Each structure stands twice: as C-alpha cells, then as structure tokens.
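Chemist: Here is how the chains run, residue by residue.
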Amino acid sequence: MSTGHYWLVIGGVLFVILNTAAGLIWLERRMLALWQDRYGPNRAGPFGLFIVLADTIKLFFKEDWIPPFADKVVFVFAPAVVVASVLLSFTIIPFAPNVVVADFNVGVLFFLAMSSMGVYSIVLGGWASNNKYALLGAMRGASQMISYEVFMGLSLMGVVILSGSFNLSEIVAAQKNGWYILPQCVGFFIFLIAGIAETHRLPFDIPEAESELVAGFHSEYSGMKFGMIFIGEYMGITLISSMVVTLYFGGWLGPAFLPPVIWFVLKTFVFIMLFILLRASMPRPRYDQLMEYGWKILFPLSLVNLLITAAIKLLI
Amino acid sequence: MFSLLRSMWLVFLHMFHKRETYQYPEERAPLPARWRGRIALTRDPDGGERCVGCYLCAAACPVDCISLQATEDEHGRRYPEFFRINFSRCIFCGSCEEACPTYAIQLLPDFEMAEYNRQNLVYEKENLLINSEGKYPGYNYYRVAGMAIDGKAKGEAEHEEPPVDIKSLLP
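Top to bottom, those sequences are chains A and B. FYI, my numbering numbers position 292 of the first sequence as 276, with every residue one higher than the one before it. So my numbering is basically just the index in the second sequence, starting at one, shifted up by 203.
To be clear, the hints were calculated from the coordinates, so they are not data collected in a lab. A hint or two may mislead.
Take a look, some chain A residues computed to stay more than 10 Å from chain B by CB distance [what the hints assert, rightly or not]:
| id | residue |
| --- | --- |
| 1 | W(-9) |
| 2 | G(-4) |
| 3 | Q20 |
| 4 | G29 |
| 5 | F53 |
| 6 | N89 |
| 7 | M123 |
| 8 | F241 |
| 9 | A264 |
| 10 | M266 |
| 11 | A295 |
Derived SDA-like pairs (lysine to any residue); straight-line CA-CA distance at most 20 Å [claimed, not checked]:
| id | chain 1 | residue 1 | chain 2 | residue 2 |
| --- | --- | --- | --- | --- |
| 12 | B | K221 | B | S210 |
| 13 | B | K221 | A | R14 |
| 14 | B | K221 | A | G(-4) |
| 15 | B | K221 | A | S265 |
| 16 | B | K221 | A | G24 |
| 17 | B | K221 | A | L16 |
| 18 | B | K221 | A | Y23 |
Predicted model, so just to flag it, every value in this text is computed and none were measured. All C-beta atoms in this analysis are idealised placements derived from N, C-alpha and C, irrespective of residue type, glycine included.
Using the sequences plus the hints, can you model the full thing?
Modeler: Laid out in structure tokens, this is it:
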C-alpha cells in the first residue's frame, strides 16, 4: 500500500464513521418515531436532516460543567476513552478489499481488547462523578462487563476455527463459499447479544437506565463530554454492526453488480436498524437477570458451540 | 425467546400504521366545543355587555388573575368599568365560567395565545369582549332578571309576574 492510499483510507474511515455517528442521531429518532406511530424530527431541512446540525451545534455550545465534587482528571479523561477505543477498533475492519486501516494478523483479538476498554469510560466516569446514581451505573456497567465479555470472546472463536485466521480480511475472504451465519448461527446470536451489551444499548442499557438512575454513569456529564459518550455509543453500534457483518455475513462479499463497499454499508445498515428496532421493542432486564442469563445460558452455550465447531473441523 | 421476536416483529409492523401525530401548524387537532381555552366576555343578543360586574369570577379564580371594577350606567345597568385578565397567571380551570351568573365570561376552544412580550398577555376589556353570544345564544340577563332598569320596570321581565301589592287584600 502506498502512503497516499494509506492516508486516504484513514481520513475516509474517520470521516465516514464520525458522520455516521452523527447521522445515527437523526436516524434513530426518526426510526423510533416511525415504530411508535409518530413522525419524529421532520421540520429542519429535508426530512428533518438538519436536526443533526442543530444537535451538534447545541452539544458544542452547551456549558461544559465539571462538578466541584468530582475527581477532575478522571472525569475529563473518561469520555475520551470510549471514543478512542471504539475508533481504534475500526482500524481493523475491512470495508472493502484493500480498504482497511491496519491489516493486523490478530485483528479479532485487537477488536476484543479495544472494545473491552470501553467499559473503563463507564466505570471511571461513574466513579469520578462522585454521585450515587453515577456510581450505581458504574457498578452495573462493571457487573455487565464481566458477564458478557467472556462469552463474547468465546463466540468469536468458532469463526476463527472455521477460517483458521485472526485476520479479519482473511476471515472475509474465507467466506467466499458461504457466509458463516449458517455454520455459526449459534455463535452469531451469542455475539449479537454480547455486542448489544457491549454498546450498552437497550435492552442492555443497564448502566445508563434513564428510568431508574437519572442517566446512570453519565448523570454528571454535560456539554461535549456528554457528547463524547453519546457519539461513542453510536459509533459502538456501527462497530458492532460492521463486526457482525464482517464475521458472519461475508463483509464486503456480494454479487458483483454493486461495489464491495456498498455491500458492506448495506449489510451494516441492516444491523444498525436492528439495533434501533431492539431499542424500540425490548424492556430492560435487571442487571442480576442479565448476569444470570450470561453466565448460566450464554456462556455454556458458547462453549458447546466452540466444542462442536472444533470437533467438526477436526473430523472433516 | 419467541415472544421477544414476536414483539420485535409487531413493533416493526408499526412502521406501516397510521401516524398519530397532528402536524400542528398545517394540521390542527379538532377541539371539542367545551374545550377550555382563551377567556372571552360575551354579549347579549342586543349587543350589550352581559357582564354585570358581580366579582364572582374574580372571587372564584384560584390564581387571582381576574380584576375588575363594577360601575353603573345612566340606565341603571351595571357593567365593569375595567375588566382585566392576566393570562400569564390563568390556569384555564373554568371556575370563572361556572361562577358567572349571567353567562358573560366564557372559555373558548382557542389556545393560540403565545406572545413574545409578557405584558401582552394581560388582556383588557376591549381585548376580552367578543361580538358573540358564545355558548348561550338568545340569553339576555336583564330581560329575564327581576332587576328594574330604564325601559323595564319590576315585573316586566320574561316569565315574571307583576309585583304583589302587599298593601292590598285582593288576590
């Protein structure tokens, strides 16, 4: 890869991801409204698209207040973690052949490591806020993390066994003769559930839980620091969607009448919509229910899935 | 698990349902006739003011937003010298309408009263008076009440018998 191509990919990925995250604000409000028999924001600009602009300007110009009782250094540091870790995770995703920022040979491991870092923003942010609701949210975030992180990694191992590689580009290339959704259907469901928990989206928005904990771990955040957490969440949705597409739905593979990038974007879009649909339709479980569900059902299930996949791979 | 998928599907189908929203400035919700909105002072069928300045509305008002001063004209009819409603205080409870003995003060199905200047929410009598009989067409207080005014002595009101001469024994 030449240096020019390299910078183009980095710039392009950064531009697209950040704008997708902003656009998702509009998309989510519009889709939630549609599913609740409303219209959603439809006044500012065509289809209400300028609401994104208005929201961004609002976030930038709001008072960025640090509470006097907070631990200032950690308080400022925490929101940056979630954005940085999600953006770093995007480096390993192959958007099209040769369009990938870092072609790691341990891409899957890097993704797992980086996406787990996101929980630091919740725990540290909640702790530094020095507020009981924020602390409760942080505690729930930590408990949620230890329950989903294990089976999240294990569910991916089925794909790794089938493709024989940790490199995401090679995993996509290995799906040429059939997407992994068929042989790894159990792994797909487990990864999707873990991914929802990873992004802290409904129904697993337990650390945030605005109906119980004010706003959970980010109760004390305002202005652009809240904006970072907000954008981090939307980028997380995009990340998990594109990971699901890369690992189980053949990434950029698709019939040749459309370019590979378009196929990738289309498939990712479907999963982003699924995330929003989940938010529109699911109630939130208690966090002990989530832990129980994770440890007692999904964790053994992912182990069984891994065992069977390995056995089949050995026998064939 | 099945119920979760089913609820997701049902929520998805809502995409094709009819919207509940009224697109407000272009499309308005139908307001019922008894909707409690802007307060107005109505007139009787002859075009005179119905309000007789009895202060009952001001007394009934829970937020004290009505103030008025009663006076009497040369025909012996009472009317308010000034009548002021501060709509920045009004809670549109309708107690004034219930209290009014002459059907003068009425709440109309109209809520578009927003102002940029707070002072503009104080309505004076000329702002409150409307050229309508409101919800009680044909009602004229002085024509049904026993009170004597110029051109109508005691006993001349509708359904009213002439006053009894208490000094006479004849029936």
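Chemist: Give a verdict on every hint.
Modeler: Hints versus structure:
no. : hint              : verdict
1   : W(-9)             : holds, 41 Å
2   : G(-4)             : holds, 32 Å
3   : Q20               : violated, 7 Å
4   : G29               : holds, 16 Å
5   : F53               : holds, 37 Å
6   : N89               : holds, 37 Å
7   : M123              : holds, 26 Å
8   : F241              : holds, 27 Å
9   : A264              : violated, 5 Å
10  : M266              : violated, 7 Å
11  : A295              : holds, 26 Å
12  : B:K221 to B:S210  : holds, 19 Å
13  : B:K221 to A:R14   : holds, 15 Å
14  : B:K221 to A:G(-4) : violated, 40 Å
15  : B:K221 to A:S265  : holds, 18 Å
16  : B:K221 to A:G24   : holds, 14 Å
17  : B:K221 to A:L16   : holds, 15 Å
18  : B:K221 to A:Y23   : holds, 10 Å
Of the numbered hints given earlier, the model fails hints 3, 9, 10 and 14; all others are met.
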